[in-house]
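Taking the hints into account, I'd like the entire structure generated from these sequences.
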Amino acid sequence: MNVEVQGVHWLHVLRDVSLTAGSGRVTGLIGPNGSGKSSLLRCVYRRIRPDRGRVLIDGADVWRTPAREVARQVAVVAQDTPADLDDSVEHVVALGRIPHLGALGRLSAAERALVAEAMETCEVTGLARRPFATLSGGERQRVQLARALVQQPRLLILDEPTNHLDPRHQVDLLRLVRALGVTVLVTLHDLQLAAAACDRLVVLDGGGVVADGPVAQVVTEDLLRAVYRVEAEVERGRDGLPRIFLPLPGPGGTVPAALARNGAAGGTGHAGTYDVSREPAS
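Position one of the sequence shown corresponds to residue 1 (the UniProt record's numbering), numbered consecutively onward.
Derived by calculation from the structure, the hints in this document are not laboratory data.
Note that the coordinates shown come from a computational prediction; the quantities given were computed from them, not determined experimentally.
One or more of the hints may lead you astray.
[To be verified] Simulated restraints on C-beta separations: (1) His-9 / Arg-225: 26 to 32 Å; (2) Asp-166 / Ala-226: 16 to 22 Å; (3) Gly-208 / Arg-112: 42 to 48 Å.
In this text, a Cβ means the ideal position worked out from N, Cα and C, and glycines have one as well.
Written out as structure tokens, the structure reads:
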């Protein structure tokens with residue numbers, strides 16, 4: 001399934017955004033906070049309608065395609081999933097079959113087996129009877145991925161899917177996503193994960209596309225300096241992929257005087273530490 005975004009504008013957030021996500025490829029959207037990544041994804045899966053421009057899925061405009069047909073082909077793992085659902089984990093995962101259900105709205109034996117398989121794959125089988133609202137952030141994320149897998153999409157859209165996940169589950173999730181063989185659009189803040197997981201990267205800044213291409217061509221020291229305003233070092237591994245080294249703060253960093261702890265004139269202190277003896281009693 002091919003995705004084309006053609007000259008999309010939305011309010012002041014997106015400006016003339018165009019990109020292509022190739023069939024069966026993992027395309028990553030990266031960029032600083034507020035650059036328009038999540039808004040662009042919402043335009044693709046019909047959450048928000050652009051003021052101008054088009055989104056085409058296999059040549060068909062998503063806003064001229066019946067919503068049910070889009071739902072049969074496109075699965076979404078969003079950032080803003082409600083956390084207060086009282087439904088059981090198993091029921092939430094089974095919701096992924098709704099676009100495919102017949103008039104009676106009942107799961108077949110094959111569909112129930114699909115739900116069980118997705119839960120096993122995402123390591124949430126042991127949570128099946130738990131209310132979704134009682135789960136941790138990482139557990140909820142894995143449940144939502146299982147729901148998306150049950151949908152059997154041709155296009156999978158993931159908005160910061162590694163949020164709340166520990167390192168092992170981050171790697172497992174991205175490995176699984178690559179193995180699916182479907183078209184994937186994903187936003188990631190972790191540049192190292194994005195470089196490892198994606199075939200292509202599109203960089204957004206200020207609501208527009210500032211870079212688009214293969215990972216090795218996009219992730220450069222010049223781009224990190226221009227887009228993220230950070231002096232980073234980029235080296236190439238044996239696999240040709242970039243390895244990113246960011247400057248980390250050490251002790252003795254300078255902060256504005258008004259923000260310094262204990263009234264330290266000049267604002268010089270030690271990062272991440274403060275004198276607990278001066279804390280007010282509680």
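Structure-based check of all given hints:
Checked against the hint of 26 to 32 Å, the C-beta distance between His-9 and Arg-225 comes to roughly 28 Å, which is consistent with it. At roughly 32 Å, the beta-carbon separation of Asp-166 and Ala-226 lies outside the given 16 to 22 Å, and the hint is violated. Distance hint for Gly-208 and Arg-112: a CB-CB separation of about 46 Å, consistent with the stated range 42 to 48 Å.
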